[in-house]
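Engineer: Okay, so the sequence shown: first residue is 1 according to UniProt numbering, each after it adds one.
One or more hints might be untrue.
Derived CB-CB ranges, DEER-like [said to hold, decoys possible]:
1. VAL157 with ARG457: 41 to 51 Å
2. ALA481 with LYS645: 34 to 44 Å
3. LEU289 with GLU826: 23 to 33 Å
Under the rule of at most 16 Å between Cα atoms (straight-line distance), these lysine to aspartate or glutamate pairs were calculated in the EDC-like manner [stated by the list, open to error]:
4. LYS494 with GLU533
5. LYS643 with GLU599
6. LYS241 with GLU278
7. LYS260 with GLU831
8. LYS260 with ASP248
9. LYS458 with ASP430
Hint data in this document are derived by calculation from the structure and do not stem from the laboratory.
A virtual CB, placed ideally from N, CA and C, is assigned to each residue, including glycine.
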Amino acid sequence: MSIKSRSSIEQTFLRLTSEETNTTTGAGRVLGLRTDYTIDRELSFGTKIVIRPRGSNRGTDNGRQRYNSSLWKRASRFKEFRRVRPVSHAPGDLESESSFISLSASGGRKRRRVDNKASSEDSGPDYRSIEGKAKPTDSLALDLDMTSDSDIESEEVAARRRNASLSAHVSVHPDDINGWLDLISHQGSMVGTADSEGHRTYTMAEKKSIADIKISIEMPRLGEVGAKGWNSNENEPPASKSDPPIADIDMKAIFDSWGKLERRQMRRSRLPARTLDEVQEDDPYRVILSSDIQDFLTFFSEPGLLDLLLDAFLLFCHLPPHSSRENAHILKEWREDPFIRNLILEQETASSQWFRDPSHEMDEPDLPTPVSLPYSNFAVTHDTIFSDGSSWFSAFKSWRSTYVDDTSSLDAPWVRRTLRQLVEWVPENDTLAEYSVGLEYICNSSDAAKYAKNLLRKRPSSITLYNAYALIERRRGQEIAAEKVWMTTLSMSKSFPEEVRKDSIMLWQSWLWEALRSNDACKAIRLLIALPENAINVDELSRDSQAATGFSPAEFLKTQRVLVEAQNYGLSFRNSTVFISNTECLALLHYLTRTFEIESALNIYRAAEERLKDSHLEQTPLAELLHQSKAKLLWHHISNTMKYKPALVREELSNSLSLFPNNSIFLSIFAYNESRFRIDDRVRLILRQHISSSSRRSLDGNMGTPGHSPLTPHFFSIYSELHRGVSAGSTAHSVRAAFETAVSSPPGQYSAAIWKLYILFELGWGRKERARDVFYRSIRSCPWVKELVLLAFTEPGLKEMMVTDELRKIWNVPVEKGLRIHVDLEDGLEEMDDEKSISGQSAINPSGDQSSDGEM
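Using the sequences and the hints given, assemble the complete structure.
Structural biologist: Following this line, the structure appears as C-alpha cells:
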C-alpha cells in the first residue's frame, strides 16, 4: 500500500486489492480513520479510491485531483524507486555444470513468510490505523514499476560461473596445484559472511573444509623453512626427501643394537614426512594425513583462547608459558601436570644435574646456589628470559642444555622457527616477540641481536623490543652499545602515545639492575636522579657517575613522587609492567639512598602487597610478579652483602611461599638461607606442609585429576635431600624416602620424570637390584612412556640385571600398548629363535627369571 500527500488538499491516493463493495458501506467512512474523512465516490473508480476531508470544495479541486498519467509522470521525476522482484532460476541451470559451494543463503518457508509479512507491514501506515491521518513517507510505492533482480545478481552469477569453471578444471586436472590454489582463493573470497568491519568470516564447517584442503596440499608447514601460512598462495611445494636406510641389527647384541637404532630413528622422525617422500615402510606413523588428525582438531571460536593455545604449544615443547596473566588458573594446573612436566626424560645429563658425585661421602652440605636448580616453575619476565643462569634464574637454561645439541626427540630449530613465524603473524603481540628473542639469545646471542634489530625495523615504537635488544648487547659485553640503546629509546619515547610512554619505566629498571650487577652503585644513583626527566645523556652519565655519592632531599622527593604516581597508575589500570617496574625502582631508590639497608626497601614491597590485598589481588599473577621482584632484591642483598639477617629473609620468603608454595624461586632461596641452620629443619617442614595439604585437597575431591596436585614440592624435596649432607640429616635412606613419598602421591605416581630420577639414583649408588625393582614399578605406573622402557636397553647398570628373555618381554611392552616403534625387531627375534633351535638351546624363559612375569 502506498500513500501520497498533496499540499493543496489533504488527501491520499490508496491502492487496494479489496472488492468494490468496500466503498459502499459505512456512509463512506473508513474504519480506523477519523469520522471527518470520507470516500469521494465521484473521484474513485475501479480499484482506486480517493479519501478527502468532509466539506472540502470539490469543484475547485476536481480537475487537480483527477487521476491522470501525466500527473504521476511529473511526480516520479523527483524520486524513482524500483521494487525488485526475485527471478527464480531452475535448479539445474548452473548446478548442472559442476559441483560448487552455494553463495546465496535460502531460508525456509517460515522465514520467507515472516520476511514477506514484515516487508508488507513496514511499507506504511495501514488505512485502518487508529493513528489518524497518514503522514508523508519515503517508503516504496506498491504501484511503482517492478523490475527484475537479474542485474543486481550479475556479480553473483559471474562468481558462480567462475567457481563452476575452476571446479571443472581441477576435476579434469587433479594434479594441477595452481588450479587448486586458484579455486581455494576464489572460494575463500566468496564463502562466509562479513563481520562488523567488513571482513569475511567463515563457519566452522567451512573452516574445516578449507583446512582439509590446505593440509592435503604439500606446501611448507608451520615451522619449516619458507612457510608463509595458509593465507598465502605463494608457497612452493618443497622438494621430496628420502630417509636414510636403517642399519642392520647386530644379532650378537640384538637388544643393545636395537636400543641405539631406535633412538637414532626417533631423532630422524621428529617431524612427519610428506606423501611424496620416500620413507621406511615399517613406520605407519611417518606420514600424517588430514584424516589422521581430524578427530583432534578443535574450533577455537573465542579470540581469548588463542593465547591459551599458544601457551599449550609452548608447554608441549617443554617451554614455559609466555604469559601467565591470562588464564592463570589453567596454566597453573598445566605446569604441574605429570604428563607435561617430563623434561628430565629427554636429559642425557640428568644424573650430573641432579646428583652429587657418589664417590664423595655425604658429609657436608653441597647445596648449590639457588639459580642452579635444574627444575623451574616461576612467572616468566624479561629478567628471567635474558638471564644466562649465572646471577639470576633463567627461563630457558634447562631447555637449551637438553635440546640444542640435536640429540633429543624435539627439533629445537623447528621450535625456534615456529616462534619466529608466529611473531610475524601476530604483529601486535610484543610479549611474544620478546619471548622469541629471548629464546634466540639463549641459543645463539649473535643471531638474537640481528633478529631483534629486524623486528625493530617493523615495530619502531616497541619499548619492549628496544629493551630486549639493549639487554642482549649488555649480555654480550657491549655495555656502551646497550646504554646508547636505552638512551635513544628514552629520547624517542617522548613522541610515543602516553600509554606506550608509561612502559618506558622498564628501560630504567633494566638499566638500574645492570649497574647493580656490575657493582656500580654510583651509576645507579645517577640513573635514579635522571628518571623524573625520562632522559639522560650517556656522556654525562659516565663523567658524573664517579662523583655521585647520594641524593639531595629535593632530588629524592622528586624521583619518589614520579615513581609513586606511576605506580598508582599501573595498579589502577592493572598494568603489571608499569606497577612492578615502578615498585622495583622505588625500592631501589630507598635501598641506595640508605646505604644498602634492606629493611627500608622491603617496606616498599610490604606497602605494595597490602594494596594488592585490599584490592583482593594477593594471589593473582600480578602478586606473584611482585613477590618475585622482592626475592630478586633479597638474593642480590644476600649475594653482595656479608652481613644480613637470615631471620628477615626467612620471614619474607615464608610469606611468599604461603601464597605461592610452588614457586621454585622462593623455594630455592629459602633453602639456601636455611642451609646454615642444621638444627631447625625448616625446609623439610615447609615442604612437608605443602605436600600434605595438596594430598588432602586431592583426597577431598577438590582436584579432579592427578595433574591438579603439584609436582614442584616433590622435585624440590628430592633435590634438597640429595645436596643436604649427612651432618644436616641427609642419607641415602632419607633420599629414598623422598622418592617414595613422591611416587606414592597422586601426581608423582604418574610422573615418568620422577621415576627416571629414582632409577638413576639407585644406579648411581650401586643399588642395581633396587634399580631393577624400581624400573618394573615405573613401567607398571606409566606403561605409555617409551623412554622408561628404553632405559632397560640403554642404561649399562640396568642392562646388566636383565637376561635376554627378560629384555624380550620388556620390548613387548610398547608393542602391546600400541606405542610407536621405528625399528621392527620381529624378524630379528625369529632369527634368534631359529638359531637357538638349531643349537639345541631352549627359547623360553629360564626358571631363574620367572619372577619377571609377575613384575611385568
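Engineer: Are the hints correct? Go through all of them and say.
Structural biologist: Evaluation of the provided hints:
1. Separated by about 46 Å at the C-beta atoms, VAL157 and ARG457 satisfy the suggested range of 41 to 51 Å.
2. Remark: the range hint 34 to 44 Å for ALA481 to LYS645 is upheld by a beta-carbon distance near 40 Å.
3. For LEU289 paired with GLU826, a C-beta distance near 26 Å keeps the hint of 23 to 33 Å intact.
4. Annotation: proposed proximity of LYS494 to GLU533 holds, straight-line Cα distance about 10 Å (limit 16 Å).
5. At roughly 13 Å between alpha-carbon atoms, LYS643 and GLU599 fall within 16 Å of each other, so this suggested pair holds.
6. Under the criterion of a C-alpha separation no larger than 16 Å, the hint pairing LYS241 with GLU278 is consistent with the structure, at around 6 Å.
7. Proximity of LYS260 to GLU831 is assessed by CA-CA distance (about 20 Å); at most 16 Å being required, the pair is judged violated.
8. Between LYS260 and ASP248, the direct Cα distance comes to roughly 11 Å. Compliance with the 16 Å bound is thereby established for this hinted pair.
9. As the CA atoms of LYS458 and ASP430 are separated by approximately 12 Å, the hinted pair is consistent with the 16 Å bound.
When held up to the earlier numbered hints, the structure conflicts with hint 7 and nothing else.
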